Structures are given as structure tokens and as C-alpha cells.
Amino acid sequence: MRPLSTAQPERDATRHSALENIAGLLVGTFVISLGLDLLRTGGAVTGGTAGLALLLSYGTGWPFPVLFVAVNAPFFVLAAWVKGWRFTLISAGTVVAVSAFAVVHDAGFEVLRLDPVYAVIAGNILCGIGMLILFRHGASVGGFSIVALIAQERWGWRAGYVQLAFDLAVVAGSLAVIAPWISGLSALGAVVLNLIIAMNHRPERYVGH
1 MRPLSTAQPE RDATRHSALE NIAGLLVGTF VISLGLDLLR TGGAVTGGTA
51 GLALLLSYGT GWPFPVLFVA VNAPFFVLAA WVKGWRFTLI SAGTVVAVSA
101 FAVVHDAGFE VLRLDPVYAV IAGNILCGIG MLILFRHGAS VGGFSIVALI
151 AQERWGWRAG YVQLAFDLAV VAGSLAVIAP WISGLSALGA VVLNLIIAMN
201 HRPERYVGH
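Residue numbering for the sequence shown follows full-length UniProt numbering, starting at 1 and increasing by one per position.
Hints listed in this document are in silico derivations from the structure and should not be mistaken for laboratory results. Take the hints with a grain of salt, since some may be wrong.
Said to hold, decoys possible - Estimated spans, in silico, between C-beta atoms of each pair:
hint : residue 1 : residue 2 : range
1    : L19       : R113      : 14 to 24 Å
2    : Y58       : L168      : 10 to 20 Å
3    : Y118      : E20       : 45 to 55 Å
4    : G173      : A73       : 32 to 42 Å
5    : I22       : L78       : 17 to 27 Å
6    : E110      : S17       : 29 to 39 Å
Said to hold, decoys possible - Taking lysine to any residue pairs in the SDA-like style, the calculated list, with each CA pair at most 25 Å apart, reads:
hint : residue 1 : residue 2
7    : K83       : T41
8    : K83       : N21
9    : K83       : R15
10   : K83       : P180
These numbers were taken from a predicted model, which means no experiment stands behind them. Glycine is no exception: its CB is placed at the ideal position from the N, C-alpha and C atoms.
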């Protein structure tokens, strides 16, 4: 009689564990929300639905966390259809987490003065780093990043460049709400953010999933 094998199947070393995914999502959303808080404090915007939510908050006075969730809601229909429910639910959770961390930042510290140039550059760098973390743990921050990921997976278009096109459109719309020089500075920040994504989100180089 052939003895039963007691060897355990080897774990795929390229796959993130559940704990790693949870930690990655928390860190990514925290970093993004901090970047957005710097942008909001500096009176600037960025691209994507985050920038759109910031613009709406400036124009209406409504709280950013509520607007961010509302603006992202339609994109989850697309995500559920193309990317599946797992990706959609995780991404919805990250949007809620970013909004929740925004409340935490408001309560946790108060910035008395923040140079707009610093706010735009530092805020977009943080947002880009946070988005990379989410991408590498199978999620996004919703909105245009969902479209950008689909475009990269379906047609091979670089996600950072796809999102840059959307982001510049949002920043152009900010001319109706904020000073022109702040809009121009925000456009530069959007370029910085998306260059970070374009140079670093390379699935053929990064094997973790």
C-alpha cells in the first residue's frame, strides 16, 4: 500500500497573505488621505475623483469625505462588471477608508501655514505612493484609477498615462473654482503623481499579487 504523503503544499511566494493585504490597504489609504489633506490645506486640487471631490468641497462647502464616496459610487458599477466583485468590494472599502482617515487627519493635527508649492508636490507624491501600494494589493482608490487599470490590462496602455489624461481634465476644470496659478500648480502635481505610477506600476517587473 502506497504511504500517504505528509508534505504540505508549498505556498506561492509571490502571493500576498491576507494579513499583508490588510496591512497594505490600511497603509495605502492612510498615505493617500494624508496627501489629500495636504492638498486641501494648501487650497489645491489633484486629478481623479479625489480632485473632483476637492473641487466640489471648495464650491459647495460640503465635507470632502462625503463627496469622495459619492463621486466614486458610479465607477463601482464598471468595476463590478469588468473586474469582478472582489476587486470592487475591496476598492469600495479603500474609498471609505480614505474618507475615514480624512476625518482622523482633521482631528489629529492642525496646519497653520502650508506653502501651496510644498502642499502640491508633497501631497501628490504621497498620493502616488499610496496608490501604488493599493495597486499591488489588488485594489484601487476608485474612480478614474479603475478605468486606468482596465485600460492597462485590456489594451496595454500605461495606467499612469491614462489617468494623467483624466487628471489634467479635472485640473483644467478647477479654473472655475480656484486661482489660475493654483490650477497650473495643481496640473504640475498631477503630472508628478502619474509619473510616479507610470514608472513604478509595471506588472512585468512586480510579481507579488
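Pair hint outcome, K83 versus R15 [Cα-Cα no greater than 25 Å] = Between K83 and R15 the Cα gap is close to 19 Å, so the pair holds against 25 Å.
ask   = Hey, K83 versus N21, does the alpha-carbon distance stay inside 25 Å?
value = 18 Å, holds
request  = Starting from the range 14 to 24 Å, see whether the pair L19 and R113 falls in it by beta-carbon distance.
outcome  = 40 Å, violated
ask   = Range hint 10 to 20 Å: satisfied by the CB atoms of Y58 and L168?
value = 18 Å, holds
message = Does T41 sit within 25 Å of K83, going by the straight-line distance between their CA atoms?
response = Violated. K83 to T41 sits at ~34 Å, over the 25 Å cutoff.
task = Using the beta carbons of I22 and L78, state whether their distance is inside 17 to 27 Å or not.
result = Check passed, 25 Å falls within 17 to 27 Å.
key: K83 paired with P180 [C-alpha distance capped at 25 Å]   = 38 Å, violated
request  = Note whether the CB distance of G173 and A73 lies within 32 to 42 Å or breaks it.
outcome  = Once the Cβ atoms are compared, 19 Å apart, the range 32 to 42 Å for A73 and G173 is violated.
Beta-carbon spacing of Y118 to E20 - inside the hinted bounds 45 to 55 Å or not = 32 Å, violated
inquiry  = If I claimed the Cβ atoms of E110 and S17 lie 29 to 39 Å apart, would that claim hold in this structure?
reply    = Hint holds: Cβ distance 38 Å, inside 29 to 39 Å.
Violation of the numbered hints given earlier is confined to hints 1, 3, 4, 7, 10; the remaining hints are satisfied by the structure.
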